[in-house]
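Asker: Position one of the sequence shown corresponds to residue 1 (UniProt numbering), numbered consecutively onward.
It is worth saying that the hints were derived from the structure and are not from the lab. Treat each hint with caution, since some may be false.
[As the list claims (entries may be wrong)] With a straight-line Cα cutoff of 25 angstroms, these simulated BS3-like cross-link-like pairs (lysine-lysine) come out:
hint, residue 1, residue 2
1, K72, K92
2, K42, K71
3, K136, K26
4, K42, K133
5, K173, K71
6, K71, K94
7, K133, K92
8, K72, K56
9, K136, K69
10, K48, K136
11, K69, K42
12, K42, K92
13, K42, K56
14, K173, K94
15, K26, K71
16, K26, K72
17, K136, K56
18, K133, K72
19, K94, K42
20, K26, K92
21, K72, K94
22, K48, K72
23, K71, K56
24, K94, K44
25, K26, K42
26, K26, K56
27, K136, K173
28, K69, K94
29, K133, K69
30, K48, K69
31, K69, K44
32, K48, K94
33, K44, K92
34, K92, K48
35, K72, K42
36, K173, K133
37, K56, K133
Only a predicted model underlies this, so the values are computations on that prediction, with no experimental measurement involved.
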Amino acid sequence: MSCSGLREIPSSIIDEQRTCRLTEQKMSSMQNLVSLPSSICKFKGLVKLNLWACSKLESLPEVLGDIEKLKKLDANFTLISQPPSSIVRLNKLKMLTFAKQKSEARVGNNFEHFPRSIVQLGPLQYLDLSYCKRLKELPGFMGMQNLETLDLSHCNLIDGGLVEDIGCLSSLKVLDLSGNNFEHLPQRIAQLGAL
1 MSCSGLREIP SSIIDEQRTC RLTEQKMSSM QNLVSLPSSI CKFKGLVKLN
51 LWACSKLESL PEVLGDIEKL KKLDANFTLI SQPPSSIVRL NKLKMLTFAK
101 QKSEARVGNN FEHFPRSIVQ LGPLQYLDLS YCKRLKELPG FMGMQNLETL
151 DLSHCNLIDG GLVEDIGCLS SLKVLDLSGN NFEHLPQRIA QLGAL
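Required output: the full structure, derived from the provided sequences and hints.
Answerer: Below, the structure is given as structure tokens:
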């Protein structure tokens, strides 16, 4: 879809017969889109959901966790401040991006706290929360044993903002902490052997 003026996607346009075969839904740059219908969960075969630059989108429907095959969710440059709690049911999700747009401070996600539900996504390999400047704290990373890339650049994190158990991310190959306000990093970063 490339209907930049569309504010809502009517539930009625989602046809169960056709959506079973849909594997990718691009809604990127729909700058007036404010909500997604709950019927999005009818996209049972959906593997990729691209909401990049839907700059007025503030939330995702709670039923998002019903999209059983979803592997990639790109919600960069939206106004989402928290994923739905059902995100923990996305047990095939490998890539999750909620980055904020660096060039425009007014456009981007409003995470103040790292959602605990995200750390329960064991299969997750790629997580990007860059430029989420309101991010104040991170919970533990236990359970994210498959995470290979973590981007927390330009999040205004300070000493103590990065938890000690970051050392448990044994698969982590890329860690971007640039643009933060650290004086000291947790000592357990030294345990990241794959980095």
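Asker: If a hint holds in the structure, say so; if it does not, say that too.
Answerer: Each hint, compared with the structure:
no. : hint           : in the structure
1   : K72 with K92   : holds (9 angstroms)
2   : K42 with K71   : holds (16 angstroms)
3   : K136 with K26  : violated (31 angstroms)
4   : K42 with K133  : violated (34 angstroms)
5   : K173 with K71  : holds (20 angstroms)
6   : K71 with K94   : holds (5 angstroms)
7   : K133 with K92  : violated (28 angstroms)
8   : K72 with K56   : holds (21 angstroms)
9   : K136 with K69  : violated (32 angstroms)
10  : K48 with K136  : violated (29 angstroms)
11  : K69 with K42   : holds (12 angstroms)
12  : K42 with K92   : holds (17 angstroms)
13  : K42 with K56   : holds (23 angstroms)
14  : K173 with K94  : holds (15 angstroms)
15  : K26 with K71   : holds (14 angstroms)
16  : K26 with K72   : holds (11 angstroms)
17  : K136 with K56  : holds (23 angstroms)
18  : K133 with K72  : holds (23 angstroms)
19  : K94 with K42   : holds (20 angstroms)
20  : K26 with K92   : holds (19 angstroms)
21  : K72 with K94   : holds (6 angstroms)
22  : K48 with K72   : holds (5 angstroms)
23  : K71 with K56   : holds (24 angstroms)
24  : K94 with K44   : holds (17 angstroms)
25  : K26 with K42   : holds (16 angstroms)
26  : K26 with K56   : holds (16 angstroms)
27  : K136 with K173 : holds (24 angstroms)
28  : K69 with K94   : holds (11 angstroms)
29  : K133 with K69  : violated (31 angstroms)
30  : K48 with K69   : holds (9 angstroms)
31  : K69 with K44   : holds (7 angstroms)
32  : K48 with K94   : holds (10 angstroms)
33  : K44 with K92   : holds (13 angstroms)
34  : K92 with K48   : holds (11 angstroms)
35  : K72 with K42   : holds (17 angstroms)
36  : K173 with K133 : holds (24 angstroms)
37  : K56 with K133  : holds (18 angstroms)
Hints 3, 4, 7, 9, 10 and 29 from the list above are not met by this structure, while the remaining hints are.
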